Amino acid sequence: MTSRLPPQPGEWIDRRRPIRFRFEGRNYEGFAGDTISTALWASGRRVLGRSFKYHRPRGIFGLADIDSNVMMECAEGTNIRADVTPLREGLDLRAVNTLGGLDQDLLRFMDQFGAVTPVGFYYKAFHTPKELFPLYEKRIRGIAGLGAVNTRKRHRQTPKDYAFCDVLVVGAGPAGLEAVVAAADQGARVLLVDENPRLGGTLCFVSTSDEERRGILSSLLARVERHPNIEARTSTTAAGLYADHWVALVDNRRMTKLRAKAIVVATGCYEQPAVFRNNDLPGIMLGSAAQRLVGLYAARPFERGVVLTANPDGYQVALDLHRAGVRLLALADLREKGERSQLFKDVIDAGIPVHFGHTVIDVAPSWGKRSVRGVRIGAVDEQGNAAGDSFRRLFECDGIAVSVGWAPADGLLRQGRTRMEYSPECEQFVPSKLPPGLFAAGRVNGIYDLDSQREDGRHAGEEAARCIGKRGVGKEGAASGPRPERSGPPRSHPFPVTRDPRGKNFVDLDEDLQLKDLENAIREGFDNVELLKRYSTFGMGPSQGKHSNALALRILARARGETMAGKQVTTARPFTTPVPLSHLAGRIFTPVRRTPIHGRHEALGAKFMYAGNWLRPDYYRQPRRERAETVASEAKNVRDGVGLIDLGTLGKLEISGVDAVEFIERVYTGRFAKLKVGMSRYAVMCDETGVIIDDGVVARLAEDRFYVSTTTSGAEGVYRELQRWAIQWGLDVVLVNATNAYGAMNLAGPLSRQVIGPLTDVETGHEPFPYLGVREGNVAGVPARILRVGFVGELGYELHVPAEGALHVWDRLMEAGADSGIRAFGVEAQRLLRLEKAHIIVGQDTDGLTLPFEAGMAWAVKMQKTFFVGQRSLAVMQKKALMRCLVGFVLPPGYRGLVPKECHLIIDRGAIAGRVTSVSFSPTLGHVIGLAYVRPEQSQPGSRIFIRGDDSVMVEATVAETPFVDPENARQEPSEVLQEAS
Amino acid sequence: MKQLRCPVNGVRPVQEFVFGGEYRPMPDPAGANDDEWADYVFHRSGEPGIQREWWYHSSSGVWFIAERDTAKDEFIRTYLFEEME
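As you go down the protein sequences, you meet chains G and R in turn.
Residue numbers for the first sequence follow this note's numbering, beginning at 1 and rising by one.
Residue numbers for the second sequence follow this note's numbering, beginning at 1001 and rising by one.
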């Protein structure tokens, strides 16, 4: 039987556009403009979902996304909020959380279990025996939860959008529409957002037959539409308010990150349920939901019903339903004194019997609790107990419209740190202190009367515009009178609760929480709102307490014998409404940095690795060779011939100025005052606690000009910290971060001199260009800084050239070296080569607590200097005994067992004594070598240490002298004689 | 997302900035005893209130001082180090 009404004034459905869809395997038809729920309801369908815990049949309740009675899934997605999701052609939907379909849900027996599943049941029942918990968990998870995720759903990109405005107005009801016009009239650029598909708020569905109200709506809409300063977005939810008026706007397709200068919140209220037995049956709905059904979707909420109310709004509901042809058998008003306004007279004139001081005390369900069969009304006392001797009557009907109170939709306000206080006059929370730039208007502000709402909106809009300096030229404000006061009798009943020993009087429909669940939890000691929430889980369902938070607080206050004055609800956090994860997911915008030579690495078959954001060749792939073998061959080629590595990722700083040398003395641990022009020196940097944070090479280009390299990953941070020191010390020094301006590469190996010699105008012989020398000249026609450094322990030339010339120099070197068997080598080969020399890598062989003494770097720390960063802390630490030492270790030649890995632990008499920081097979030596932290007493060469490897295999190793290779450094500093002899 | 006023570049979103910790003047390393020095290096009171902080606008490389109310997480004013009283 269809429940569609004849055309209603201002209805949102388009009767010329029927839409066909399927639900639970059956065909249905609705109209464009319907939501999924309203189309089903208009088709006569009443059971639209099953509840979370007891699997009770549920229908339309709030119709404003304040409950999760009706959640559906289809191929496109799950947990679709059918109440507010527009109907589309061809949808094939089913209810979530059923076993075997909505109508024959096999889990419906859960409803009979209510008595044995009290609040906290799962906490109490399933914790012992511990061994069984995995089984419990599996079973419970199978039953609990809502929709199932379709993991095969097509991937959809959801890019973010960004927007800016002067004033954001949230909510397009009477207050919001007036606010937006008032702010725009002052010259502000205003954005208006509303979660509904059309603007108008309550004007769209309350008292729609009233000509005057319809006139107000159309004139407001016309002003909004015509105003050049206003942009309106419908079907858009302001879901989160963050610092400095940063707002997350969510629509069907994406999230828009909006920055507003001021915000007017005119979000209205959520209507609140009353608590009585079986108050969740399909057919029992909030008054505003019934009005929406009639006014927007021309659907009959029920055939015959009663209205339960405690405010004038319920009388208006009765009139709206009566005009739409719904037969109302009674109106029960919880208030002893009832209503004395014109609305009361209109209801009486409509022939609807009114019972003051009465409420619903019981609802008789039909078979399977699929609908309402009858409603019993009567009187209750202060505590909600049915008064024994009162008038009672059973009305045979199929629905109830409940209108007993409101809770402000204050999620955004509270996220924005608005102080909300309970107003005993309004019996609801109202804003008591708003932070700068945030304004509230209309019902969320406790203002209900239509004229007052509009005036409140005008004031808020104007104040918002003015607080950001907008003041219409020659324009008087639109707000004519003083700011309206909160007045009139309260619109909310302080305790709309009917007790029933049989229970099933629900407070939270999402979580199937009954009155007794909350009262039991309070009795068990969870009598603070935060504890009560977490123990009972009220407000923790998908609608996040929109219909239950205020009620739960009222019940808590009543149970503690307190009033609501001074009570606070739980913290409000974004989002105000659930946002699909797809809206939050996004592409990752991590930049990738490539050196100027990147293309050559690709051509050479490089296997890349990340070093920070940089891509660096780990090694160069060779056919039919494993990684280790390839790395070893690259390293061997450097030791025996010549290799070339791209060092473009190194941090490169230029430090100049009168105080440059003083500055360098202060930030590095070594001595640089006497460093000769044309020479370089290894440099270690500590932080103020004395921990090693970076290392590199300081090269003196002139008396007052230095070129400094840092580690790849340290470049940004070192440059930043050096800037800060320079500012604090007020030294005359100029810092330039030249990391990207220069390409760099290291030509290394005994044959490197013969490769570079013919390409450069710099004399490369040992005498004119000694070890640690730095020269400026040309290489292959490109201006270059050349440093003779020995990181890999071979004769080598580190070339720094302008980035745009780096590729050219690389190519010329590779050509010139072809006869010498030159090969590019990657990061891993370099790590191996430097390990053979026991040169540490900051960050690999040091950690966040490593002092220079521990890493064997005391030689690089000049404690006698006047000052350097970290010196004073090191002076303290020097007095204490060393805790650990970095040492070299070796495994015996021919060792065939498990090779330890980096970070494997050194175990001494069952306790952790240190860890391995670097380890590798040395092709030069023919056995495994490594670096490890050990206890100082284990640090003597020859000491035996035990490393716990994979699968707890203990590996015995021997502490060894370092460097492992070429301890005399003859290879990196060869004299001419040696060179000729080789 | 918060906004912060760089004294050179104006109001910018906070992602463009790097927090540099509380501003603490360094005691004379030679004059301070070990405890005083440890106090300078390690100890932070964390007491809510107005504190001077280092902030760095990383896009332009500007260090500056921000006065922030840590109880309210509100910036009060920002200025260059040289302008600090």
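Keep in mind the hints are simulated off the structure, nothing from the lab.
Treat the hints with care, since some could be wrong.
The calculated lysine-lysine pairs, modelled on DSS-like cross-linking and capped at a C-alpha distance of 30 Å, are [what the hints assert, rightly or not]:
#1 R:LYS1002 <-> G:LYS433
#2 G:LYS865 <-> G:LYS837
#3 G:LYS567 <-> R:LYS1072
#4 G:LYS865 <-> G:LYS636
#5 G:LYS257 <-> R:LYS1002
#6 R:LYS1072 <-> G:LYS261
#7 G:LYS862 <-> G:LYS880
#8 G:LYS674 <-> R:LYS1072
#9 G:LYS674 <-> G:LYS837
#10 G:LYS433 <-> G:LYS261
#11 G:LYS674 <-> G:LYS865
#12 R:LYS1072 <-> G:LYS516
#13 R:LYS1072 <-> G:LYS124
#14 G:LYS124 <-> G:LYS516
#15 R:LYS1072 <-> G:LYS879
Where chain R lies over chain G, by a calculated footprint (3+ residues, C-beta under 8 Å) [said to hold, decoys possible]:
#16 149–157
#17 866–879
Computed beta-carbon distance windows for the label pairs [stated by the list, open to error]:
#18 R:VAL1018 <-> G:LYS607: 30 to 40 Å
#19 G:THR2 <-> R:GLU1016: 56 to 66 Å
#20 G:ASN520 <-> R:ASP1035: 53 to 63 Å
#21 G:ARG573 <-> R:VAL1008: 27 to 37 Å
#22 G:ALA125 <-> R:ASP1035: 15 to 25 Å
#23 G:ASN385 <-> R:PRO1013: 17 to 27 Å
#24 R:SER1058 <-> G:GLY599: 22 to 32 Å
#25 G:GLY561 <-> R:ASP1035: 46 to 56 Å
#26 G:ALA702 <-> R:ASP1035: 26 to 36 Å
This one's a predicted model, so the numbers in the text were calculated from it and none came from an experiment.
Here a beta-carbon is modelled for each residue, glycine too, at the ideal position from N, C-alpha and C.
Out of the numbered hints, which ones does the structure contradict? Hint check: 4, 8, 12, 13, 15, 16, 22, 23, 26 fail, others pass.
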